[in-house]
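K.L.:
Sequence:
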Amino acid sequence: MKLSRPVRRAALVVHVVASAGWLGLTLGLLALGITAATAGSAVGVEASVRGMKLFADWLLLPVAFLTLVSGLVLSLGTLWGLARHRWVYTKFWVTLGTTTATVFALRPGVNSAVTAIAAGGPLPDAGDVLFGPIVSLSAYVFMTAISILKPWGLTRRGRRLRAASRPAPRARQNA
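Here the working numbering is used: the first residue of the sequence shown is 833, the next is one more, and so on.
Don't read these hints as lab results, they were simulated from the structure.
No residue lacks a Cβ here, since even glycine has one placed at the ideal position from N, Cα and C.
It is possible that some hints are incorrect.
Using C-beta positions, here's what the derived DEER-type ranges look like [to be verified]:
no.	residue 1	residue 2	range
1	Trp912	Ala937	46 to 56 Å
2	Leu886	Ser979	25 to 35 Å
3	Pro1001	Ile966	38 to 48 Å
4	Val901	Gly872	39 to 49 Å
5	Asp957	Ala842	38 to 48 Å
6	Trp925	Val848	13 to 23 Å
7	Val901	Asp957	29 to 39 Å
8	Arg994	Thr870	51 to 61 Å
9	Leu835	Val926	15 to 25 Å
10	Thr922	Ala951	35 to 45 Å
11	Pro940	Leu911	36 to 46 Å
12	Arg841	Phe974	18 to 28 Å
Please model the entire structure based on the sequences and the hints provided.
P.N.:
See below:
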């Protein structure tokens, strides 16, 4: 399946905007997490953690899924392929991993911190509110870097496909 030029360009714009949005949301989460970890009052911690909950509940998952789906469309609809280049393959798995971590670790962690604060429980530790955003931010910066640098070359499958697409060498004719 090969995307037409207008569709490919539109998918690329969607992918870059969604990826940049995911990175920005994570920076926002990190800023709120730092505020929660360093706030001197329970009110400041609660406000920061509630802000994190708003990001986590309403914004992160749609942006994460949009990034994942647009990346899949681009990889499957262009010559880059999903499993032809190591950087594309790596980026896919890191995106899938960070999306999964958002669903099963980051969101539940933020929600439990808000629930504990609302119930009058202890304030969350700094690690509780900082770990997720720091790990996510590191992953997104890594994925951005490999998107630009395109390291590591072809996968075994990519080398096989490239070799198969080259014309066979012609036999020499004796004159």
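K.L.:
Using the C-beta atoms of Thr922 and Ala951, is the stated range 35 to 45 Å upheld?
P.N.:
The hinted range 35 to 45 Å holds for Thr922 and Ala951, with Cβ atoms some 42 Å apart.
K.L.:
Holds or violated: the 39 to 49 Å window for the beta-carbon distance between Val901 and Gly872?
P.N.:
Hint holds: Cβ distance 42 Å, inside 39 to 49 Å.
K.L.:
Is the hinted range of 25 to 35 Å satisfied by the C-beta distance from Leu886 to Ser979?
P.N.:
holds, 28 Å
K.L.:
Hint says 29 to 39 Å; check whether the CB-CB distance for Val901 and Asp957 agrees.
P.N.:
35 Å Cβ-Cβ, so the 29 to 39 Å window holds.
K.L.:
Do Pro1001 and Ile966 keep their Cβ atoms within the hinted range of 38 to 48 Å?
P.N.:
violated, 53 Å
K.L.:
Between Arg994 and Thr870, does the C-beta distance stay in 51 to 61 Å?
P.N.:
Given a distance of about 52 Å, which is inside 51 to 61 Å, the answer is holds.
K.L.:
Measuring from beta carbon to beta carbon, are Trp912 and Ala937 in 46 to 56 Å?
P.N.:
Violated - the Cβ-Cβ distance for Trp912 and Ala937, about 30 Å, lies outside 46 to 56 Å.
K.L.:
Could you tell me whether the CB distance from Leu835 to Val926 stays inside 15 to 25 Å?
P.N.:
At 23 Å between Cβs, range holds.
K.L.:
Asp957 and Ala842, beta-carbon distance inside 38 to 48 Å?
P.N.:
holds, 44 Å
K.L.:
Holds or violated: 13 to 23 Å for the Cβ distance of Trp925 and Val848?
P.N.:
holds, 20 Å
K.L.:
Quick check on a hinted range of 18 to 28 Å for Arg841 and Phe974, using CB atoms only.
P.N.:
Holds, at about 25 Å.
K.L.:
State, for the Cβ atoms of Pro940 and Leu911, whether the hinted interval 36 to 46 Å holds or is violated.
P.N.:
holds, 39 Å
Violated hints for the displayed structure, listed by number in ascending order: 1 and 3.
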